[in-house]
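> Sequences and hints are given; from them, build the entire structure.
Protein chains: 2
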Amino acid sequence: MKINGKTVSFDNPPVIAGSAGVCGKKEGEGPLAQDFDAIFEDTTMGQQSYELAESAMLHDAIIRALTNAQVSPSDVNFILSGDLLDQCMGSAFAIKDLEIPSIGLYGACSTMALSLSVGAMLIDGGASCVAAGTSSHFCSSERQFRFPLEYGGQRPPSAQWTVTGAGCAVIKSKGNGIKIKAVSIGTICDLGITDANNMGAAMAPAAEKTIYEFFRDTKSKPSDYDLILTGDLGLTGSDLLYSLMEEEHGVDIRNVHNDCGLMIYDLKKQDVNSGGSGCGCSGSVLCSHILKRMRKKELKKVLFVATGALMSPTSNKQGNPIPGIAHAVLLEV
Amino acid sequence: MKINGKTVSFDNPPVIAGSAGVCGKKEGEGPLAQDFDAIFEDTTMGQQSYELAESAMLHDAIIRALTNAQVSPSDVNFILSGDLLDQCMGSAFAIKDLEIPSIGLYGACSTMALSLSVGAMLIDGGASCVAAGTSSHFCSSERQFRFPLEYGGQRPPSAQWTVTGAGCAVIKSKGNGIKIKAVSIGTICDLGITDANNMGAAMAPAAEKTIYEFFRDTKSKPSDYDLILTGDLGLTGSDLLYSLMEEEHGVDIRNVHNDCGLMIYDLKKQDVNSGGSGCGCSGSVLCSHILKRMRKKELKKVLFVATGALMSPTSNKQGNPIPGIAHAVLLEV
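As you go down the protein sequences, you meet chains Y and X in turn. According to my numbering, the first sequence is numbered sequentially starting from 74. According to my numbering, the second sequence is numbered sequentially starting from 74.
Hints may be right or wrong, so weigh each one.
Any copy, or any two copies together, can satisfy a pair, since identical chains are not distinguished.
What the hints assert, rightly or not - Heads up, simulated EDC-like pairs for lysine to aspartate or glutamate below, C-alpha to C-alpha not over 16 angstroms straight-line:
1) K370 x E405
2) K282 x E172
3) K282 x D170
FYI, nobody ran anything at the bench for these hints, they're computed from the structure.
Below, the structure is given as structure tokens:
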């Protein structure tokens, strides 16, 4: 790897050899339905808890991604995964029977970009095959961060809807596939946001910082990309990102930006307020819809920037701010 | 890196250029007192919560380690850190103002070995300087996993005492220091343990697996090491590890094994039941006492194997087992 500023570039870019994105019923009723690798009508996945349902969904995405990349678990040097739940239990139970060396990650909703970034660096360093994945589940997430569903709490307009879904990508050192040309690990941004129902505002400054630094380090501009894809800023966070990019750096990214949280649902019909969120939002959208469009050459150069709100229920109840982080991955075919 | 089985070895071993281990009052009354880089009599660290106290302690360890390695935060390509708290808030708040690209890890009490392992692989891949750290705090951990201290719950003999402490090591690509010759990322082991007061039993099978595989991959035996150091198996877990190694593999590691959880407290006098535990246990002991002994050449070849019980309070209350994991790091001077 070569490091310039915050950006790591690869002379021999690692390759995404296969991927899969799976989701629940509500996501399967949205605009991206035809691109998901599986849609589970029963989002309990036949499990006794929502948490184990999330694990079952991630396990399914991992197996599909391995199959898509034509590798078996024993071919995988490392699996990198994390999720939103207490002590990343979603990933632990998804992975535990696979016998793959496991690097547990925590990056909140930035996990898909974090796992791809670290995975790509490990491949560049000499590993031959890694898997990168993440998941979220609406029901486990509401119980974890806000209220149990049974409580029937109301949600403000800035609130987002946690995606029930999972994604996994298999990265190899050589072969055909989508190239990971560069990655950028973000620094933590804390602007003092304390509202657990306004994740977009907590994450937008981190996205702005990482995108701006990526432009700076690679001497590129918005028009150099077919798509700048954020993870789950939603409506509120995307608007804030546009304002921040214009006010702070004089850069307009509107024409080239989209957000997985805005793409996965029909915001007019599906009653999801500010859009989708959760690790599984960018995980499932990137690993199905986006990578499929790239394989068809409909998109050739995508800057994927997943953002995370590093929100702990304990910390939030204690009145602490919610720090944000964003990691970037440059994908090219 | 070269990968043989589960073990990654380095032709040009990354170097631990500096480190620091800090702890609280109780740990400062134990046998390793003189080797800690700081002992905080006030374990609230002047913060408003135990959680923020943990963050302040980790922040202190990071700054001391950077100073010890004579690097500034802007020299550090990546910081790798994680902890036991909900959504790793200990690390997020410790790191957020350092402006260092942050790779959040989750490995429970295995985090010190996980952060060193991934850090060493990133250095080998081309990074020039990374920091690897972790922390735990008795009071934040009891609130998180068992009962708030105010409840005054009784503890069974197999229970361990979460160490209030933090450790950080700075790894560089060249220079003087302790060499990281090889690392091994573990696979998750689940033997169906459900008792949150018997972490040793949940983690011992993972330690056995990782140590055995490391011996196999490197064609080595216990007598090749000055010390095989587990993280926090405690009395119960260490005894179980000896039995498993003998029964499963016919290997006796008693003469060469010690456990950070047994070293940090005087078990006869300090009322800690089965010994110390927590990410900060192996973090603080390795980064102070052990690395200092290695720098003095009192120990030349140490196999550090930190184990983690991937225990989520949510999962545990739902009756799920506690999977374990262990990662290994071979240190040499």
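> All hints are to be evaluated individually against the structure, with a verdict given for each.
Here's how the hints hold up against the structure:
Taking identical chains as interchangeable, the C-alpha atoms of K370 and E405 lie at most 16 angstroms apart only when both belong to the same chain, with a minimum of 10 angstroms there against 49 angstroms between chains. Proximity of K282 to E172 under the C-alpha cut-off of 16 angstroms is restricted to the inter-copy arrangement: shortest distance 11 angstroms between copies versus 38 angstroms within a copy. In the homo-oligomer, the alpha carbons of K282 and D170 lie at most 16 angstroms apart only across protomers (14 angstroms), although the nearest pairing inside one protomer, at 38 angstroms, exceeds that limit.
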